[in-house]
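A.B. asks: The lines below spell out each chain.
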Amino acid sequence: MDYVHLRRQAASLRKGLFDQGYLDEQFYQLEDLQDDASPNFVEEVVTLFFRDSARLMANIDQALDKCVKDFNKLDVYMQQLKGSCTSIGASRMKTDCSAFRECCRDENIEGCMRSFQKIKREHSVLRQKLESYFQLLRQAGPVECATRPNK
Amino acid sequence: MTVETQPQFHVLAVDDSVLDRKLIERLLKTSSYQVTTVDSGTKALEFLGIQDENSENAASVSPHHQEVEVNLIITDYCMPGITGYDLLKKVKESSSLRDIPVVIMSSENIPSRISRCMEEGADEFFLKPVQLSDVSRLKPHILKKSVKCQDENQNQNKSVTTISSPTNNVSGNKRKATDDGICSERIRTRYSAGPVTIV
Chain X
1 MDYVHLRRQA
11 ASLRKGLFDQ
21 GYLDEQFYQL
31 EDLQDDASPN
41 FVEEVVTLFF
51 RDSARLMANI
61 DQALDKCVKD
71 FNKLDVYMQQ
81 LKGSCTSIGA
91 SRMKTDCSAF
101 RECCRDENIE
111 GCMRSFQKIK
121 REHSVLRQKL
131 ESYFQLLRQA
141 GPVECATRPN
151 K
Chain V
1 MTVETQPQFH
11 VLAVDDSVLD
21 RKLIERLLKT
31 SSYQVTTVDS
41 GTKALEFLGI
51 QDENSENAAS
61 VSPHHQEVEV
71 NLIITDYCMP
81 GITGYDLLKK
91 VKESSSLRDI
101 PVVIMSSENI
111 PSRISRCMEE
121 GADEFFLKPV
131 QLSDVSRLKP
141 HILKKSVKCQ
151 DENQNQNKSV
161 TTISSPTNNV
171 SGNKRKATDD
181 GICSERIRTR
191 YSAGPVTIV
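Just so you know, the protein sequences line up as chains X and V, in that order.
Here the UniProt record's numbering is used: the first residue of the first sequence is 1, the next is one more, and so on.
Here the UniProt record's numbering is used: the first residue of the second sequence is 1, the next is one more, and so on.
Check each hint, because a few of them may be wrong.
Sample of chain V residues facing chain X (criterion: CB under 10 Å; computed from the structure) [as the list claims (entries may be wrong)]:
(1) V18
(2) D20
(3) L23
(4) L27
(5) G49
(6) D76
(7) E108
(8) P129
(9) Q131
Ranges of calculated distance between the beta carbons of each label pair, as one might list FRET restraints [said to hold, decoys possible]:
(10) X:E107 - V:S32: 45 to 53 Å
(11) V:R137 - X:K69: 39 to 47 Å
(12) V:P80 - X:G21: 26 to 34 Å
(13) V:P80 - X:D106: 22 to 30 Å
(14) V:E119 - X:D70: 28 to 36 Å
(15) V:R137 - X:N40: 34 to 42 Å
(16) X:Y3 - V:P7: 39 to 47 Å
(17) V:L127 - X:Q139: 33 to 41 Å
Source of the hints: derived by calculation from the structure; they are not laboratory data.
The beta carbon of each residue, even a glycine, is placed where N, CA and C say it ideally should be.
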């Protein structure tokens with residue numbers, strides 16, 4: 001196995017995520033928190049994020065399906081989702097969540113539906129990219145780009 | 001981080017978001033705190049031993065509470081059921097718990113929310129996502145309380161009187177100047193908006 005090549009691929013994927021605005025500096029904070037005591041912290045957090053966000057998005061789907069739209073409820077769910085996005089540095093999703101909340105405030109149901117579709121797409125792309133990233137890291141073995149030295 | 005000679009302080013972290021609980025736990029553990037996380041204000045109150053509305057009654061504090069010392073409470077503001085603000089109020093209303101420093105976290109930067117919390121006695125207000133640099137601000141609040149505890153063995157907990165200068169020995173109890181300084185600072189935090197630290 002060409003570990004060097006795999007590491008380069010992982011690093012390149014990671015760089016792309018930042019360059020293309022999928023992730024922001026909060027992701028660096030997560031990486032900073034990873035150390036020997038918690039060697040898989042970033043992946044654990046990301047896994048939690050996708051589980052939690054999937055749950056929230058299912059709630060939103062249900063709420064959007066109802067005949068009578070409860071904009072307050074939708075806003076609350078979206079606030080939670082946005083919070084989670086902020087916590088891991090999911091920058092694009094965070095922006096889309098804000099757009100959704102604007103639509104809630106305007107009681108613009110079409111706008112909500114559109115922005116939610118966008119959120120789902122972004123969510124899917126981000127999941128795919130991060131899954132690839134962590135898979136590469138695992139294959140490449142312990143690498144310096146995944147962990148920072150103990151402070 | 002070398003803290004071998006220092007005692008480990010115990011922080012109770014309250015957040016309904018599983019993700020944020022994981023984050024705050026890691027932030028705190030990295031900073032050498034012992035951490036308990038709960039997912040609601042109700043569970044926090046249970047953990048702290050406040051079991052009913054009448055929290056002034058010592059009998060309502062459970063025996064469990066005596067075994068587990070909490071040096072600081074850090075709580076999310078927006079939670080279903082009991083909010084972080086409600087939790088803050090209940091802690092400050094409890095004679096046995098009021099001296100525990102409370103920090104509020106929120107994803108939203110709303111000045112009126114911040115001042116409301118500070119007026120109710122919060123020691124800090126952190127905007128999410130909480131950073132390591134925020135967590136480094138916790139120690140002084142915990143240490144202030146430790147010093148106060150040492151000097152206040154037999155003093156009543158209800159000692160909220162107007163203390164204008166740090167050197168006044170108002171109540172006639174055996175208090176040191178530093179303790180009055182802490183008291184007056186706490187009172188300033190409690191009854192007015194400043195000086196406060198808002199991150």
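A.B. asks: So, for every hint listed, does it hold in this structure?
C.D. replies: The hints, checked one at a time:
no., hint, verdict
1, V18, "holds, 6 Å"
2, D20, "holds, 6 Å"
3, L23, "holds, 6 Å"
4, L27, "holds, 7 Å"
5, G49, "violated, 29 Å"
6, D76, "holds, 9 Å"
7, E108, "holds, 8 Å"
8, P129, "holds, 5 Å"
9, Q131, "holds, 6 Å"
10, X:E107 - V:S32: 45 to 53 Å, "holds, 49 Å"
11, V:R137 - X:K69: 39 to 47 Å, "holds, 42 Å"
12, V:P80 - X:G21: 26 to 34 Å, "holds, 32 Å"
13, V:P80 - X:D106: 22 to 30 Å, "holds, 25 Å"
14, V:E119 - X:D70: 28 to 36 Å, "holds, 33 Å"
15, V:R137 - X:N40: 34 to 42 Å, "violated, 28 Å"
16, X:Y3 - V:P7: 39 to 47 Å, "holds, 44 Å"
17, V:L127 - X:Q139: 33 to 41 Å, "holds, 38 Å"
Comparing the model with each numbered hint stated earlier shows that hints 5, 15 do not hold.
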